[in-house]
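Enquirer: The residues making up each chain are set out below.
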Amino acid sequence: MPTPAPYELKCRECQTAWGNQPISFCQKCFAPLEVAYDANVIRQKISRDEIAHRPTNLWRYKELLPLPEHFETSLPVGFTPLIKASGLGEQLHSKSLYIKNDAVCFPSLSFKDRVVAVALAQARNFGFEIVSCSSTGNLANAVAAQAARSGFKACVFIPADLEPAKVLGTQVYGAKIVRIAGNYDHVNRLCSQIADKHPWGFVNVNLRPYYAEGSKTVGYEIAEQLGWRLPDNVVVPMAGGSLITKIAKAFRELAELGLVEAKSVKFFGAQATGCSPISTAVKAGSNEIEPQKPNTIARSLAIGNPADGFYAAKTILGSGGWAEDSSDPEIVDAITLLAETEGIFTETAGGVTVGAARKLYAQGRIRPEETTVLCITGNGLKTTDALAGRFEVNEPIPPKLAAFEEYLERELVSAPAGGQTR
Amino acid sequence: MSVAVSIPTAFRRHTEGLGSFDCPATNLNELLDALESRFPELKPHLRDEQGKIRRFLNVYVNDEDIRFLGADYKFNPGDEVTLVPSIAGG
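Heads up: the protein sequence lines correspond to chains D and F, in order. Numbers given in our numbering equal positions in the first sequence, counted from 1, plus 1. Numbers given in our numbering equal positions in the second sequence, counted from 1, plus 8.
In isolation and in its complexed conformation, chain D is listed as follows:
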């Protein structure tokens, strides 16, 4: 039996309350369920000062997460660096640009560690022994890693064409990986059908409302790391579209609790040109999502039929923001731009975000003096194939000073080092 909790599931559309149980959609109208909290309970327990005294991980916001009573964890997930990006800012003509760097999230190097941390807390609460997910890679890594640490069996489902590093980075934790001959949308549909039949804890199917709340911690951290204030703009990559809506929810909650001054933040979404159902809708001024067949190197964002697309578009348009997309060559350029200017190596999804931000600045939709945060959600070491052929590997030289002098003459004097030419 789940323990009584100061939160419960509520239908986003018809507002029916469903208590706490492993279901993702309203059993009456099929609309998504959302965790609703008792703000009065939270207000009594939380303050800036109280949070400041807690360990630097996402559990410092525990009252704002749907966690079972007496929940204990030994996994210090989250609280990734927020860095001032002056070098990239100069390139994009921004005076106040920040990177929220989830490329170094613990333990599996993507923002998916956050959602899985919360989902597994509830998986234990509901008594699941096997945890699972449909994944474009990062989520599989996060489920596999945290399941290993927390003593769950993990069995995850991926499209067959994922990057080798993401497959290996799941198998190494002892998780069972099922490759599906199809794209992510096929995998996802299959997982819905499996979750309908087998008593497994699918983090992004039947545990989805709890899982999705983990994304809010990106927003809490941004606000706290900016000195308890909200930015003017955030630029967020979109796959299923959940993250951008949850950062918006996080900002709203912080303002309601009086932890930050209320402010209207503009939300900007980033997608790959080859899979852009949400940004296409936004550009048409619409919430209605037409599904697409993904064709992009940004495989972690390759969801052609995004579950939260409607709400993501609504969040963006309602905030006065916009959406942009990045082509494959623009993604690769943006990956190297971020690496060369900030020393951060992001995966293809990060390239999508930086590439989209570049366009948004050029269009004047984001202004130079505004405080803007780019959400970098994954690590470049997982998608090195995207950069194949981009850099030369030189012939080795003999370990002799004379050989090096010759090399110097040939390579470094005649041609300037990379990174200065942009």
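FYI, nobody ran anything at the bench for these hints, they're computed from the structure. Take these hints with a grain of salt, some might be off.
Unchecked claim - Restraint ranges, calculated between C-beta atoms of paired labels, are given here: (1) F:Ser-28 <-> D:Gly-183: 57 to 67 Å; (2) D:Gln-22 <-> F:Pro-85: 54 to 64 Å; (3) F:Pro-85 <-> D:Pro-200: 34 to 44 Å; (4) F:Ser-28 <-> D:Pro-200: 19 to 29 Å; (5) D:Pro-200 <-> F:Asp-80: 35 to 45 Å; (6) F:Asp-30 <-> D:Leu-169: 39 to 49 Å.
Claimed, not checked - Think about it this way: if two alpha-carbon atoms lie no more than 30 Å apart in a straight line, the pair counts; the simulated DSSO-like pairs of lysine-lysine are: (7) D:Lys-96 <-> D:Lys-250; (8) D:Lys-267 <-> D:Lys-284; (9) D:Lys-11 <-> F:Lys-60; (10) F:Lys-60 <-> D:Lys-198; (11) F:Lys-51 <-> D:Lys-198; (12) F:Lys-60 <-> D:Lys-284; (13) F:Lys-51 <-> D:Lys-315; (14) D:Lys-315 <-> F:Lys-60; (15) D:Lys-294 <-> F:Lys-82; (16) D:Lys-315 <-> D:Lys-267; (17) F:Lys-82 <-> D:Lys-11; (18) D:Lys-267 <-> D:Lys-29.
Just so we're clear, the structure is a prediction, and the values are computed from it rather than from any experiment. Cβ coordinates follow ideal geometry from the N, Cα and C atoms, glycine included.
Given chain D, put chain F in place with the hints provided.
Expert: Only chain F this time, still in chain D's reference frame:
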């Protein structure tokens, strides 16, 4: 001609527990009409007031989302139609 329709658990309280249903239909509209007349309680869950498939319901024909096949898609003998709640994944 009839096609096999697979019904998710959440709908089965409106279908007397039936998880699959052989439905005489040559296209999606006929299929929905047939489902609605056989299971009247299912009606508000399938289409909105404008007759459009509800936002949170996906319809697949074999492995393909019916939106890729077009609204006028004519079913072939042996087609399997699956109704799946859309809120999953990501």
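Enquirer: Return the numbers of the hints above that this structure violates; sort them in rising order.
Expert: Numbers 1, 2, 17, 18 - these are the hints that the structure violates, sorted from lowest upward.
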